[in-house]
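There are 4 protein chains.
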Amino acid sequence: MNKTTQNMKDICIQLLNDRGVTIDDIIDIVYDLQKKYVPTLTRDVCGEAIDRVLGKREVQNAILTGIELDTLAEKNLLSEPLQSLISNDNPLYGIDEILVLSICNVYGSIGLTNFGYVDKVKPGIIGKLDAMGKATNKCHTFMDDIIGAVAAAAASSVAHNAEED
Amino acid sequence: MNKTTQNMKDICIQLLNDRGVTIDDIIDIVYDLQKKYVPTLTRDVCGEAIDRVLGKREVQNAILTGIELDTLAEKNLLSEPLQSLISNDNPLYGIDEILVLSICNVYGSIGLTNFGYVDKVKPGIIGKLDAMGKATNKCHTFMDDIIGAVAAAAASSVAHNAEED
Amino acid sequence: MNKTTQNMKDICIQLLNDRGVTIDDIIDIVYDLQKKYVPTLTRDVCGEAIDRVLGKREVQNAILTGIELDTLAEKNLLSEPLQSLISNDNPLYGIDEILVLSICNVYGSIGLTNFGYVDKVKPGIIGKLDAMGKATNKCHTFMDDIIGAVAAAAASSVAHNAEED
Amino acid sequence: MNKTTQNMKDICIQLLNDRGVTIDDIIDIVYDLQKKYVPTLTRDVCGEAIDRVLGKREVQNAILTGIELDTLAEKNLLSEPLQSLISNDNPLYGIDEILVLSICNVYGSIGLTNFGYVDKVKPGIIGKLDAMGKATNKCHTFMDDIIGAVAAAAASSVAHNAEED
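Protein chains in written order, with this note's numbering: chain A, 1 to 165; chain B, 1 to 165; chain C, 1 to 165; chain D, 1 to 165.
Extracted from the complex, chain A is given alone in its bound form (with noise of 0.2 Å):
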């Protein structure tokens, strides 16, 4: 990994907490949805595989795209109709679940499961995002799939690697 590359990878990390979720948040996850399918997994294993996955350039910028449409639709800076799209979290939006299959794919088109598993049960942070976006004046649009895709797209980097033992 390039300076640029790593550079990018600490301001994401840094955004995700801004945005309130910790990397412990997504080994939470990581663990939950792979344990069952390697017995002898570890969180430093999972921890390792986020990092991974935090290093990839697409990566980086469907966070940064999506964390800064979830905050400007906050701040109430967009042009309607868009403003009311993302801030209501339109089921019909779709752009958000588009967004992240760049994060999804990144270990194989595995990720795209463990990401439709993990956006409908809402397991842990995902779904304190969700509730949070919908309860408060905070928008969570984008925040919730980028973790889920995150998150499912470390659970496949760990079973490739699990199988390619």
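No wet-lab data here; the hints were simulated from the structure. Just so we're clear, the structure is a prediction, and the values are computed from it rather than from any experiment. Be a bit skeptical, because a hint or two may be false.
Chain copies aren't distinguished; within one or between two, either way the pair holds.
What the hints assert, rightly or not - Calculated cross-link-like contacts (lysine to any residue; reagent style SDA-like; alpha-carbon spacing at most 25 Å): (1) K9 / N161; (2) K75 / H160; (3) K134 / H160; (4) K35 / H160; (5) K36 / I13; (6) K9 / I23; (7) K56 / P81; (8) K9 / T136; (9) K120 / N7; (10) K120 / Y31; (11) K56 / T22; (12) K36 / R19.
Go by the hints and put chains B, C and D onto chain A.
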């Protein structure tokens, strides 16, 4: 829909039946997926949505191709190493998920989430297909994903129609 | 098409105009793409195909989101490093291509090939948008991909209709 | 890379040769695609990029599956209507493009644009494969897309490396 497409739809429904799946089995999954979001949902509405999905050319092409590969694998007619990858449903194979993306996406990105969920939870006939594929000399590597994707796309179609009413 | 979707279509056409692109500009590209495959092709048929594409919710959502990001970048209203990535049309950014995939895929996978081609060859208005984005303080990072994707999807729709006749 | 993956790569290179394509043929395309963006580009750098692409499991799976379908179609061993769809390279089939998406995307979304371009322009060996598929009893429905996608992904890998230096 022109004659060829109608004809192709009938061939696909017949193929699904030959491989042990009825439209009613798929309705079960669509109904369970959407019931909580659309309280007035009926099984007929689910059936119509499945019919719309099966009327699309890209869906028909994916069904024909996937079932052919399953059937050839059952008859041991594929070359190695592909024969083993498909007949063992190797988790690193992944072409089954790729192939059915064209089905999931037929009504937008919402289908992906539903697909990921059913692919992981394996409700109804999908769990049966998966278990049969593992326990017997049947090969359902593509079939379970095909059914999951058709159900997911139909659920998205139901959701779109409900939103837009 | 219901009222909201019709209304959204009108908003999108207005936005395209505001950013310097007319439906006629898009017809030029679609006509050139399909003329050699469909000898009887007319500009009216191309215009109807563009109209169908612009009537789709996922297309409208992608247009609204992409143009918003371009406009915010022009006004220097995005946070760094996203502001620089978008205003410099950084070749490693890639979210512009991801975003418009939902447009390309609206009539199946054939749209992808057409999109890749126009994105590289940059015919007509697409080349002008690209040159303006590089030479002036205009930002067309998303806009050129949006127009390419709408043209590509419309060309696919023309091709499908011609095949199925 | 572990032993299985290395072994799979050798099998794929052999298969490409058996179907009439050498690594040198693919280098020609990658070199032409990237020469104008990377003036210092050498054929060796292109060859290394192709090697990286062929080392990926999802690429190997797509190659094995696509070539198997082409070969079965040549031998008239597929069921109808799939046999006719593949052996005639029907433009509405589209599964060939879907299958090779997993190859194109291996180095991010930039690969898609390159793929769309070569799929349309058909440079070098791709044009020859396409012409042979149409004129003889050879079936190259998947093969030309596979070569285009491998070249497109390798070109993206070259571009990424050049940007990040």
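These are the hints, each one checked on the structure:
For the identical chains of this complex, K9 and N161 are neighbours both inside a copy (22 Å) and across copies (18 Å), given an alpha-carbon limit of 25 Å. Taking identical chains as interchangeable, the C-alpha atoms of K75 and H160 are never at most 25 Å apart, the minima being 41 Å within one chain and 29 Å between chains. For the identical chains of this complex, K134 and H160 are inter-copy neighbours only, at 21 Å across copies versus 35 Å inside a copy, given an alpha-carbon limit of 25 Å. For the homomeric pair K35 and H160, the shortest alpha-carbon distance inside one copy (14 Å) is at most 25 Å, but the shortest distance between copies (35 Å) is not.
Taking the shortest Cα distances, K36 and I13 never come within 25 Å of each other, neither inside one copy (28 Å) nor across copies (36 Å). In this assembly of identical chains, the alpha carbons of K9 and I23 lie at most 25 Å apart only when taken from the same copy (12 Å versus 35 Å across copies). Taking the closest pair of Cα atoms, K56 and P81 come within 25 Å of each other only across two copies (16 Å); inside a single copy the shortest separation is 32 Å, beyond that limit. Taking identical chains as interchangeable, the C-alpha atoms of K9 and T136 are never at most 25 Å apart, the minima being 29 Å within one chain and 31 Å between chains.
Taking identical chains as interchangeable, the C-alpha atoms of K120 and N7 are never at most 25 Å apart, the minima being 32 Å within one chain and 30 Å between chains. Proximity of K120 and Y31 under a CA criterion of 25 Å is satisfied in both settings, with 17 Å inside one chain copy and 16 Å between copies. For a Cα distance limit of 25 Å, the shortest separation of K56 from T22 inside one copy, 18 Å, qualifies, whereas the shortest one across copies, 31 Å, does not. For the identical chains of this complex, K36 and R19 are neighbours neither inside a copy (30 Å) nor across copies (30 Å), given an alpha-carbon limit of 25 Å.
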